[in-house]
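Undergrad: Sequences listed follow chains E and S, in order.
Position one of the first sequence corresponds to residue 1 (the numbering used here), numbered consecutively onward.
Position one of the second sequence corresponds to residue 1 (the numbering used here), numbered consecutively onward.
Quick caveat, the hints were computed from the structure, so don't treat them as lab data.
Quick caveat, the model's predicted, so the values are computed rather than measured.
Backbone N, C-alpha and C define an ideal beta-carbon position, used for all residues, glycine too.
Any given hint might turn out to be false.
Only part of the chain E face toward chain S is listed, based on derived beta-carbon distances under 8 Å [to be verified]:
1. 65
2. 86
3. 98
4. 140
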Amino acid sequence: MIIRSADTGFEHPVPSEITPPSAYLGRREWLQRLALGAGGAALATWAARDALAQGAASPTGLPRLAARPSAVAGAQTVERVTSYDHASSYNNFYEFGTDKSDPVQYAGSMKTRPWTVAVEGLVNKPQVLGIDDLLKLAPLEERVYRLRCVEGWSMVIPWVGYSLAELIRKVEPQGSAKFVEFTTLADPGTMRGVRGRVLDWPYIEGLRMDEALHPLTLLAVGMYGQVLPNQNGAPVRLVVPWKYGFKSAKSLVKIRFLERQPVNSWGRSAPQEYGFYSNVNPDVPHPRWSQATERRIGEEGGLFAKRRKTERFNGYEAQVGALYAGMDLKTFY
Amino acid sequence: MRWLGHPVVKPVLFLWLLAPAGYLFWAALADQLGANPAEALIRSLGDWALRMLVAVLAVTPLREITGWAVLARFRRMLGLFVFFYASLHWVSYAWFDMGWEWSDIVADIYRRPFILVGTLAWLLLLALAATSFNRVIRYLGALRWRALHRGVYAVAVLTILHFYWMRAGKSDFAEVAVYAVVLGTLLAWRLWRRRCRFAH
Chain E
1 MIIRSADTGF
11 EHPVPSEITP
21 PSAYLGRREW
31 LQRLALGAGG
41 AALATWAARD
51 ALAQGAASPT
61 GLPRLAARPS
71 AVAGAQTVER
81 VTSYDHASSY
91 NNFYEFGTDK
101 SDPVQYAGSM
111 KTRPWTVAVE
121 GLVNKPQVLG
131 IDDLLKLAPL
141 EERVYRLRCV
151 EGWSMVIPWV
161 GYSLAELIRK
171 VEPQGSAKFV
181 EFTTLADPGT
191 MRGVRGRVLD
201 WPYIEGLRMD
211 EALHPLTLLA
221 VGMYGQVLPN
231 QNGAPVRLVV
241 PWKYGFKSAK
251 SLVKIRFLER
261 QPVNSWGRSA
271 PQEYGFYSNV
281 NPDVPHPRWS
291 QATERRIGEE
301 GGLFAKRRKT
311 ERFNGYEAQV
321 GALYAGMDLK
331 TFY
Chain S
1 MRWLGHPVVK
11 PVLFLWLLAP
21 AGYLFWAALA
31 DQLGANPAEA
41 LIRSLGDWAL
51 RMLVAVLAVT
61 PLREITGWAV
71 LARFRRMLGL
81 FVFFYASLHW
91 VSYAWFDMGW
101 EWSDIVADIY
111 RRPFILVGTL
121 AWLLLLALAA
131 TSFNRVIRYL
141 GALRWRALHR
151 GVYAVAVLTI
161 LHFYWMRAGK
171 SDFAEVAVYA
181 VVLGTLLAWR
191 LWRRRCRFAH
């Protein structure tokens, strides 16, 4: 007997079908408690692995952020999202140390409230915005972006925020403003890495005005439906998905509009290795390694997973390629 | 220190030195190597090769300072463990980072001086391991064998350079400095001993 299937391929679940967070969080907590010893040694090992696989360490304690899926072109990557555990425990945030495990370990000391971002320079309405002003400045959107680190690894992260352009329009840049400079917090009291001399603190990044105004350029306040964890650049950061990760400055305290191209921290530290543009480009190797491929974090197969081919502009060429029309990307790397 | 000469000491030491490899093997199978397992594995194996190198180079100074001649029994085994961890380090680089793409490996060695230096150090270790058997020692003669095995000092220098260049991207040299000072002290002690011997 042939049973007719009503299956019409993948159907998007209606909201009512999605397991409520409280339910799966409850299970994760249960697994964690089990892992902590209640269930005996053998069971605990199993539970710990299961808890890890479920991303259990993730959504504890952080406030949720309501956001609608973004309609911006390119903002809804349909690739498997990196687990929250990996995205929040494997970070480069040198203000807390140069090891990937340092930020998750030490960023807890950073105070993210109260928090202000000074917007200054060549604008008609310079102002100091509190974090609550920033959260209300524009409707929050969820955007799933690829993140490609200059070191050769990548993730897929669901961010929450809005286009930086929303803020830029609000402060009314003057005609002479050609670049935007972003400054990260540098507090030696709460950031142990700032006491060292790995880079010149504070961390500075910059974008050309048209890059900053591009709808894909995101001012992020959250990820995975919640406020940003400290190690990922709380409470507000930049995300520029077609550039290497270091261009996406974290924990912003200042946004300045300039006529001249600012000098970014890595450009100052090693100008022959890190250009101002730093667009993801498999054809321009880093002087010390190839950029042709990348390791996707959490890829199926783990240790044995093959590296992926890196795409030009990290796969966002259709959206941003026009910004660089006529430019030699090997000269302006 | 007569207990160091007990027949059970060497096998126990052997198992103890093998333990890090055993742990890493388990961690790799159990997916306990973190977000970037390839990177974690390659780096841990490199760290262990470096630690074994420190241990083997400490044998002679320790022996002479303490007068425990029995320590010499462990020198070859320690040396072979340096080779063992260095080999696993290189193989996991070629396998998990490069996917055994030989053209990529050659290009990488050419592009990245720290890979070149590390590979050179491993090739030197290969030559030392291949000539570590009694038969080869007899065949070469003690003088020539000893001259060849002074190559381990070059391995120490290349290894520190390898580690230094690897960390140069992060301008983070604290750990490199610790190993450089320890290895430097062990090598300096040898120079100083030579000077003393020639002075008499």
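Undergrad: For every hint, state whether the structure bears it out.
TA: Okay, the hints, checked on the actual structure:
1. 65: Violated, because the Cβ-Cβ distance from residue 65 of chain E to chain S comes to roughly 24 Å (cut-off 8 Å).
2. 86: Constraint on residue 86 of chain E satisfied, holds at 4 Å.
3. 98: Interface hint status for residue 98 of chain E: holds (4 Å vs cutoff 8 Å).
4. 140: With a minimum Cβ separation of about 27 Å from chain S (threshold 8 Å), the hint on residue 140 of chain E is violated.
Hint check: violations occur at hints 1 and 4; the rest are consistent with the structure.
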